[in-house]
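**Student:** Could you build all of it, start to finish, from the sequences and the hints given here?
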Amino acid sequence: MIEEIRGSFWRSGLAALLGLVAFVVIIRLLPQDRLQGEWLLAAGIVLALVPALLWLSFFYQQDRREPEPKRIVFRVFLAAAVLASGAGLPIIRDLFRVEEWATGDLWLRLAGMILAVGFTQELLKYAAIRYLVFPTSDFRTRVDGILYGVAAGLGYATVLNLEYVLFHQGVILFVGAIHMVNTALAQAGFAAVTGYFLAGAKYGDRPIWWVPVGLITAATLNGVFAVLRQEVSVRGLSYEPLSALMLTIAFVAVALGILFAMLRRAQWRTISESKE
Amino acid sequence: MESHTNSRETPWETSLRYDAPVIALAALAFVGIVGLRSLVLGQRAVFTDPDARLSVQYPASWTPGVEKGSLLSVQDLRSKGAFKATFSIVVKELDSQRPIRPVQELVVPFTVERGRELRQYGVLDIAVTQVDTLDAARITYTYVDYPSGSPLQSALPVVVKAVDILVIHGDNLYILSFAAPAATFAQHSGTLDAILNSVDLDLSS
Numbered sequence: 001m002i003e004e005i006r007g008s009f010w011r012s013g014l015a016a017l018l019g020l021v022a023f024v025v026i027i028r029l030l031p032q033d034r035l036q037g038e039w040l041l042a043a044g045i046v047l048a049l050v051p052a053l054l055w056l057s058f059f060y061q062q063d064r065r066e067p068e069p070k071r072i073v074f075r076v077f078l079a080a081a082v083l084a085s086g087a088g089l090p091i092i093r094d095l096f097r098v099e100e101w102a103t104g105d106l107w108l109r110l111a112g113m114i115l116a117v118g119f120t121q122e123l124l125k126y127a128a129i130r131y132l133v134f135p136t137s138d139f140r141t142r143v144d145g146i147l148y149g150v151a152a153g154l155g156y157a158t159v160l161n162l163e164y165v166l167f168h169q170g171v172i173l174f175v176g177a178i179h180m181v182n183t184a185l186a187q188a189g190f191a192a193v194t195g196y197f198l199a200g201a202k203y204g205d206r207p208i209w210w211v212p213v214g215l216i217t218a219a220t221l222n223g224v225f226a227v228l229r230q231e232v233s234v235r236g237l238s239y240e241p242l243s244a245l246m247l248t249i250a251f252v253a254v255a256l257g258i259l260f261a262m263l264r265r266a267q268w269r270t271i272s273e274s275k276e
Numbered sequence: 001m002e003s004h005t006n007s008r009e010t011p012w013e014t015s016l017r018y019d020a021p022v023i024a025l026a027a028l029a030f031v032g033i034v035g036l037r038s039l040v041l042g043q044r045a046v047f048t049d050p051d052a053r054l055s056v057q058y059p060a061s062w063t064p065g066v067e068k069g070s071l072l073s074v075q076d077l078r079s080k081g082a083f084k085a086t087f088s089i090v091v092k093e094l095d096s097q098r099p100i101r102p103v104q105e106l107v108v109p110f111t112v113e114r115g116r117e118l119r120q121y122g123v124l125d126i127a128v129t130q131v132d133t134l135d136a137a138r139i140t141y142t143y144v145d146y147p148s149g150s151p152l153q154s155a156l157p158v159v160v161k162a163v164d165i166l167v168i169h170g171d172n173l174y175i176l177s178f179a180a181p182a183a184t185f186a187q188h189s190g191t192l193d194a195i196l197n198s199v200d201l202d203l204s205s
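Residue numbers (the numbering used here), protein chains in the order written: chain A, 1 to 276; chain B, 1 to 205.
None of these hints come from the bench; they were simulated from the model. Please note: incorrect hints may appear among the correct ones.
As the list claims (entries may be wrong) - Incomplete in silico selection of chain A near chain B, CB under 10 Å:
| id | residue |
| --- | --- |
| 1 | L106 |
| 2 | L108 |
| 3 | L115 |
| 4 | A127 |
| 5 | P212 |
Stated by the list, open to error - Lysine to any residue pairs mimicking SDA-like chemistry, simulated, CA-CA at most 20 Å apart:
| id | chain 1 | residue 1 | chain 2 | residue 2 |
| --- | --- | --- | --- | --- |
| 6 | B | K84 | A | V227 |
| 7 | B | K80 | A | Q230 |
| 8 | B | K84 | B | G42 |
| 9 | B | K84 | A | T103 |
| 10 | B | K84 | A | L53 |
| 11 | B | K84 | B | S189 |
| 12 | B | K80 | A | D94 |
We put the beta carbon where it would ideally sit given N, CA and C, even for glycine.
**Tutor:** As structure tokens, then:
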């Protein structure tokens, strides 16, 4: 049984990675300058949705033993998207005005990104899980915590990607695809951490600081990743998509590794507890 | 399926256990953000010119500007848009042969001169004010700026709102100018006030 689960992790993980790589490669092969105006905008909006669909299908594969109701997963996805659009973006952009002060010095940027961006985003994703699904019987296992976390992260990432497309009035397809895969992957990974800690708090005998530690971890990862992405991909006034892609691949490897370990550990616990 | 170890908790106890620490964390993060932001935006750089007998403080994050012939020119590169918020000080020598006039008498010729320099120049308001206890004239106006030299793309014209403060000190006319896009000018009013309140003219002689 365990071997079967472990095998499915790697197969579906590999499938998701190949799916994302194929997505980027297909976009690269498309003529980059044919689309203009409204068509470019429409293509960008479609691009913004693809990584979320890929990742959600990946995590459905992961949780095959106890598949969650698709409607609930979609609700969490939607709630996080609404919170991102209605609260996250305005708070970070208009209230905290991060761009005005969290610039220049590396440590200042890091602190600003963790505190203002990381905590805002992760708290909102936490809220989507905590108040929509956490108290219900649909939040049954530790694996569910990760799954709903990923759904919340993807909902948030989709709004970030849509905002990116709309702000730029369309994007260069290849650059946009990399950016969107990057954002979806990262946001899903951060929220999965929060979901894992939430599930641990519900089903384990955890101290009260357990969930805050999960949020601090997710927010720190979020802020560090934001600065790292900027450091790697921005050179002066130019944007280097290949550097961003390399960072994405590296982050995919690390994020998936951690997620696999978390999932495996969660499923081992589930099985061992069910035996007792 | 896992069992919920706290199934006997009341909703209030559940909320206290899960939400209270998170609310405390959110409050701490908020305090951290506000504190860090205030710290960064509150930092000031001091410009002193002994020859001009003047010193002024401006946000430390601002960088040298491009206005030629100015005693001081700084701009806020962090502000959004093609036109950046700018502050400058220009000093002009007054004709020492002529008696010193009230600064208000210089307003009309000054606005005429500005009108020749700037496109679509229009005065919004003229008021009396003070700079370091000296009487001064405050001229609020708008003009249209055509940003050029942007490496990324050609930029649209920007409607700029600006304030010129004219103050006479000794044989010199000091022109303190602050400009920002009209759409965001109100956001900079605190910065403008802080700069103007920090102006220190050497009144000893």
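**Student:** A separate judgement is required for each hint: does it hold in the structure or not?
**Tutor:** Consistency of the hints with the structure:
Using the Cβ-Cβ criterion of 10 Å, the hint placing A:L106 at the interface with chain B is not satisfied: the shortest such distance is roughly 14 Å. Hint status for A:L108 relative to chain B: holds, with the closest Cβ pair at about 7 Å, below 10 Å. The criterion of a C-beta within 10 Å of any C-beta in chain B is met by A:L115, whose closest approach is roughly 5 Å, and the hint holds. This hint holds: A:A127 has a C-beta 9 Å from the nearest C-beta of chain B, less than the 10 Å allowed.
Satisfaction of the interface hint for A:P212 is found here, the shortest Cβ-Cβ separation to chain B being roughly 4 Å, below the 10 Å cut-off. Using a Cα cut-off of 20 Å, the hinted pair B:K84 and A:V227 is violated, with the two alpha carbons roughly 24 Å apart. The suggested pairing of B:K80 with A:Q230 holds, with an alpha-carbon distance near 18 Å, which does not exceed 20 Å. For the given pair, B:K84 sits about 19 Å from B:G42 by alpha-carbon distance, which is consistent with the 20 Å threshold.
Taking the CA atoms of B:K84 and A:T103, the gap is near 16 Å; set against the 20 Å cutoff, the hint holds. Between B:K84 and A:L53 the alpha-carbon distance is near 41 Å, which puts this suggested pair outside the 20 Å criterion. About 14 Å separates the Cα atoms of B:K84 and B:S189, which keeps this hinted pair within 20 Å; it holds. Between B:K80 and A:D94 the alpha-carbon distance is near 12 Å, which keeps this suggested pair within the 20 Å criterion.
Violated hints, in rising order: 1, 6, 10; the structure is consistent with all others.
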